[in-house]
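**Student:** Sequence:
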Amino acid sequence: LLAAGAATIEHRPYTIFELVKGELLGFSPTGPDSYSAAFAEIGRDLARLHDIEVDDDLRATLRCDRPDDWEFLLGECIGQAHVTPADAADIQSWQGELAAKSGATWRSTLCHNDVHAWNVIVHGDRLGAILDWGDSSWGDPAADFIGLPLQALPHMLAGYQAEGGQVTSE
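If you read the sequence shown in the numbering used here, its first letter stands for residue 224, the second for the next number, and so on.
Don't take each hint at face value.
Label pairs and their computed distance ranges (CB to CB) [said to hold, decoys possible]: (1) Arg235 x Asp348: 22 to 30 Å; (2) Lys244 x Ala283: 31 to 39 Å; (3) Thr238 x Gln384: 14 to 22 Å; (4) Leu281 x Ala309: 37 to 45 Å; (5) Leu281 x Glu241: 41 to 49 Å; (6) Arg235 x Arg330: 18 to 26 Å; (7) Pro236 x Ala385: 34 to 42 Å; (8) Gly249 x Phe295: 39 to 47 Å; (9) Gln384 x Leu285: 43 to 51 Å; (10) Gly319 x Asp279: 18 to 26 Å; (11) Ala226 x Gln303: 32 to 40 Å; (12) Arg235 x Gln315: 42 to 50 Å; (13) Asp355 x Asp280: 20 to 28 Å; (14) Ala309 x Leu285: 27 to 35 Å.
Result set (SDA-like, lysine to any residue): computed pairs, CA atoms no more than 20 Å apart in a straight line [stated by the list, open to error]: (15) Lys244 x Ala226; (16) Lys244 x Ala352; (17) Lys244 x Leu333; (18) Lys244 x Ile353; (19) Lys244 x Ile344; (20) Lys244 x Asn342; (21) Lys244 x Ser316; (22) Lys244 x Arg349; (23) Lys244 x Leu225; (24) Lys244 x Asp268; (25) Lys244 x Gly228; (26) Lys244 x Asp274; (27) Lys244 x Gly351; (28) Lys244 x Gln318; (29) Lys244 x Trp341; (30) Lys244 x His346; (31) Lys244 x Ala340; (32) Lys244 x Trp356; (33) Lys244 x Ala312; (34) Lys244 x Gly347; (35) Lys244 x Ala260.
Simulated from the structure, these hints should not be mistaken for lab results. The structure presented is a predicted model; accordingly, all values stated were derived computationally and were not measured. C-beta atoms are modelled at their ideal positions from N, C-alpha and C, and glycine is treated no differently.
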């Protein structure tokens, strides 16, 4: 998305997009180990997204996710065979450990809320674009890290932290 507006001269909303060349990560013939650079770029993009200041008027228009929505999303990923039951068990275990250490609070941010291999375009081993912003919400930024393969997480977190993203519950 290059630009968007609520009204033009004729009082009609508009969007202007740029064509991004590449392939959907979900259809890539190679495994996730081939995309460490793309995953790091996704992490950097997420850090920039999570750092956007959102005024109260805009925030009021966004869906607000509960901190336990990750369980629903994980269930959907399992049901659609995007996550194996073994990986899901690991994610649930990690979530339990994190919840025990962090308490019930988290920092709400603007979130994409639908980052997965079929919403990521890669060009070679690089990120081309993150697609489908229709599920954007106000909530726990951790939700943006659960839709890609577990092998992506260390690279995403490294990119996230390199861009200044904070991995914290406060």
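**Student:** Work down the list of hints and note, for each, if the structure agrees.
**Tutor:** Each hint tested on the structure:
The hinted window of 22 to 30 Å between Arg235 and Asp348 is violated, with their beta carbons roughly 40 Å apart. A C-beta distance of roughly 37 Å is found between Lys244 and Ala283, which places it inside the suggested range of 31 to 39 Å. For the hinted restraint 14 to 22 Å between Thr238 and Gln384, the CB-CB distance of approximately 32 Å leaves it violated. Checked against the hint of 37 to 45 Å, the C-beta distance between Leu281 and Ala309 comes to roughly 40 Å, which is consistent with it.
Restraint check, Leu281 to Glu241: a C-beta distance of roughly 23 Å breaks the suggested window 41 to 49 Å. Range check, Arg235 to Arg330: about 36 Å between beta-carbon atoms, so the 18 to 26 Å window is missed. With their beta carbons about 36 Å apart, Pro236 and Ala385 fall inside the hinted range of 34 to 42 Å. Checked against the given bound of 39 to 47 Å, the beta carbons of Gly249 and Phe295, roughly 21 Å apart, lie outside it.
Restraint check, Gln384 to Leu285: a C-beta distance of roughly 25 Å breaks the suggested window 43 to 51 Å. Taking the beta carbon of each, Gly319 and Asp279 are about 34 Å apart, not inside 18 to 26 Å as hinted. Here the CB-CB span from Ala226 to Gln303 is close to 33 Å, well matched to the stated 32 to 40 Å. Between Arg235 and Gln315 the C-beta distance comes to about 46 Å, which sits within the given range of 42 to 50 Å.
Here the CB-CB span from Asp355 to Asp280 is close to 24 Å, well matched to the stated 20 to 28 Å. Range check, Ala309 to Leu285: about 34 Å between beta-carbon atoms, so the 27 to 35 Å window is met. For the given pair, Lys244 sits about 19 Å from Ala226 by alpha-carbon distance, which is consistent with the 20 Å threshold. The straight-line distance between the Cα atoms of Lys244 and Ala352 is roughly 9 Å, inside the 20 Å bound, and the hint therefore holds.
Using a Cα cut-off of 20 Å, the hinted pair Lys244 and Leu333 is violated, with the two alpha carbons roughly 26 Å apart. Between Lys244 and Ile353 the alpha-carbon distance is near 12 Å, which keeps this suggested pair within the 20 Å criterion. For a cut-off of 20 Å, the pair hint linking Lys244 to Ile344 stands: about 8 Å separates their Cα positions. A C-alpha spacing of about 14 Å is found between Lys244 and Asn342, which places the hinted pair at or below 20 Å, so the restraint holds.
A C-alpha spacing of about 38 Å is found between Lys244 and Ser316, which places the hinted pair above 20 Å, so the restraint is violated. Among the hinted pairs, Lys244 with Arg349 is consistent with the structure: their alpha-carbon atoms are about 11 Å apart, no more than 20 Å. Distance check on the hinted pair: Lys244 and Leu225 sit about 15 Å apart at the alpha-carbon level, within 20 Å; holds. Using a Cα cut-off of 20 Å, the hinted pair Lys244 and Asp268 holds, with the two alpha carbons roughly 18 Å apart.
Of the supplied pair hints, the one linking Lys244 and Gly228 is violated, its CA atoms being roughly 25 Å apart against a limit of 20 Å. The straight-line distance between the Cα atoms of Lys244 and Asp274 is roughly 27 Å, outside the 20 Å bound, and the hint therefore fails. A threshold of 20 Å between alpha carbons decides the hint, and for Lys244 with Gly351 the separation of about 7 Å falls inside it, so the pair holds. Between the alpha carbons of Lys244 and Gln318 the distance comes to roughly 36 Å, so the proposed pair goes past 20 Å and is violated.
The hinted pair formed by Lys244 and Trp341 meets the criterion: a straight-line CA distance of about 14 Å does not exceed 20 Å. For the hint linking Lys244 to His346, the alpha-carbon distance of about 7 Å falls within 20 Å, and the restraint holds. Between Lys244 and Ala340 the alpha-carbon distance is near 16 Å, which keeps this suggested pair within the 20 Å criterion. In summary, the hint linking Lys244 to Trp356 is supported, as the alpha carbons are separated by about 18 Å, within the 20 Å threshold.
Taking the CA atoms of Lys244 and Ala312, the gap is near 35 Å; set against the 20 Å cutoff, the hint is violated. Between Lys244 and Gly347, the direct Cα distance comes to roughly 10 Å. Compliance with the 20 Å bound is thereby established for this hinted pair. Taken as a hint, the Lys244 and Ala260 pair is honoured in the structure, with Cα atoms around 17 Å apart against an allowance of 20 Å.
Checked against the numbered hints listed earlier, the structure breaks hints 1, 3, 5, 6, 8, 9, 10, 17, 21, 25, 26, 28, 33; every other hint is satisfied.
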